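**Q** So the protein sequences, as listed, match chains A and B. Just so you know, the first sequence maps onto residues 5 to 155 in this note's numbering. Just so you know, the second sequence maps onto residues 90 to 524 in this note's numbering.
Among these hints, one or two may not hold up.
[As the list claims (entries may be wrong)] Cut-off 27 Å, straight-line C-alpha distance, at most; resulting in silico cross-link-like pairs (DSSO-like, lysine-lysine): (1) B:K289 with A:K115; (2) A:K32 with B:K269; (3) A:K152 with B:K129; (4) A:K115 with B:K129; (5) A:K152 with A:K129; (6) A:K115 with B:K269; (7) A:K32 with B:K146; (8) A:K115 with B:K371; (9) A:K115 with B:K154; (10) B:K399 with A:K115.
[To be verified] Some residues of chain A that are not near chain B, with every Cβ distance over 10 Å (derived): (11) I21; (12) G47; (13) R105.
Please keep in mind that the hints were generated in silico from the structure rather than gathered at the bench. Bear in mind the structure is a predicted one, so any value in this text is a computation, not a measurement. Heads up, the beta-carbon is just placed ideally off N, CA and C, and yes, glycines get one too.
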Amino acid sequence: MMTKTDTDVSVRGLDTIDIGAVVRIDEKIGGEYRPDVWEERIGYYLRRDPDAALVAEVDGEVVGFMLGEMRSGEFGLEEPTGWIEVVGVDPDYQGKAVGRRLTEALFAHFKSCDVHLVRTLVDEKMSPIAAFFASVGFEPEPLRPFVKRLT
Amino acid sequence: MRTRETSLPRKYHDAVVAWRKTFIPDYDYLLENWEAHFPKEPRFKLCAYRELGICDKITRACDLKAEQAQHLLGAIKTQASTEFGSIQQHRLTLARAQNEEDQVWVLRMMAEELRHGYQMLHLLVEDETWSGLTDQSPDDMVEEALSLQTRSHLLSAFNIDFDSFVDNIVFCALIDRVGKYQLAMQRISAYKPMAESMPKMLREEAFHLATGVVPMRRWMVSAAEGDVFVTTDMLQKTVNKWLQRGLEMFGDERGGGSNVRMGLKPMKNAEAQQQYSDEVDKLVRDLNMRYVRARLPELAHAEAEQVLAKIDEGHGTVDGIAWEDLLHSPHPHFFRRRGVPAFTLTGWAGETFESFEDYAQHLRRHLPESYLASLDFKDYLEKLRAVCAGETTIEDAVRAMPALRRVAGSCPCSRSVRWVREDASSSANGGAANP
């Protein structure tokens, strides 16, 4: 049983040697082994903004990751916005402030780039995720995603 | 944090563009097809970026202590040499890629290395106070950086020809990782222009590592599935070719104290080298996991880890996967030409050899066949033979190795091509000119 406190969590930039760890955490959460997906995705984020691709470590082991980027002008949202797009925390380390430490580090990065608005999208069915983002200060906003499936 | 974007003075900018036309002939293809390969990503731009707001640092070279300034000048020139040098290596085998995405990633990486070299020239040219610290004019410093070629660069890793696209990829994974260390260490440089240059370079370097690591991961899968294009044996031999040069890029294991004392880097050579080595071990383990899971897809992660641990422990075969099927880091003293273990007869696994001939045969078994026919390997082996025969000292052999044959020479007048031209407008159409 893990008894780590948040002081044991350190956050650093994601490196390509962390791809395996990200794949492992994703598999642990979702039950599916998807290395190809993460190789492609991490390649993308490392090109876009590697400072917004982070991992959290406990005792040298990667236990969480967060991927984000800054954009502006999309969907009429002119103000530069930091987006948190992907977050994953090893289930054995959930509740140990791993996600919070990652979020704080990403906020710091966005602020250093003069970005003062952060957004994310959460599936309403995933209430723990919504609760997590609420706990780090996110509020719902009247911006609704619309979707249409093409047949 | 604000970013300042600048261009070199026209004649130097044009010199770099002319150089680029020679050494990155596919540059226009990259830009023309940028959106197809990197949709919505900012287009590449050849310029220097400085991230402003790094305080309490020295802004002019003339305000550095003399010894500090000389170290820094050497570091900037070396950095420039590595940036331009790697492009010259990559271009040899870029066209041989079997996969278009891998090829375009390398091409983009080459363009970014060009920008890194440009950034270093910016450091040499913008600060006019270098003139009081070196006899070289800015013209000559730029000319020197652009005139170096494979076998005249300042570090061994950049004097070795690529033989196949496997070299492009493994080089990115291993040698660019050293680059990441050097850039990260220079981020704390006491010289503000250097420190301000690093953040953007480091961000680009993160992608360069992916350019190597992602294809290596995919090759491990293909090898596990029985493809014959890039086998683990081929990858292992290519790792053996490059990793030792990477270790040497940190400098002699006994050194680095001056850089720390002068505030130019935070770590001595041995400490940085050890951290690098640990990271490479992690990479190798990660690649092996990819292989094991591809060979044994029925296993869950934890089970695959157990298989890998058993194979590592006994160097045997578990569930049909032999230790030899996987990748391994060679012993750090194997095939070394600089640093503490230079020109010792240390084998791949750390074993010691008594005779030069036996060691040469051992190297033959562990290095890529195409590399054995290279000038670099011949030079190394000749020096090693001379050391073993008592005809030269290790120190003299070490001194002789990095420079090898200086194809271009350090004097701009010694070449038939000159990149920097006084009349910048006449070179705008590209191409180097005769002096």
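**Q** Work down the list of hints and note, for each, if the structure agrees.
**A** Hints, verified against the model:
no., hint, verdict
1, B:K289 with A:K115, "holds (17 Å)"
2, A:K32 with B:K269, "violated (31 Å)"
3, A:K152 with B:K129, "holds (23 Å)"
4, A:K115 with B:K129, "holds (23 Å)"
5, A:K152 with A:K129, "holds (19 Å)"
6, A:K115 with B:K269, "holds (24 Å)"
7, A:K32 with B:K146, "violated (46 Å)"
8, A:K115 with B:K371, "violated (32 Å)"
9, A:K115 with B:K154, "violated (36 Å)"
10, B:K399 with A:K115, "violated (47 Å)"
11, I21, "violated (5 Å)"
12, G47, "violated (5 Å)"
13, R105, "holds (21 Å)"
Hint compliance for this structure: hints 2, 7, 8, 9, 10, 11, 12 are broken, all remaining hints hold.
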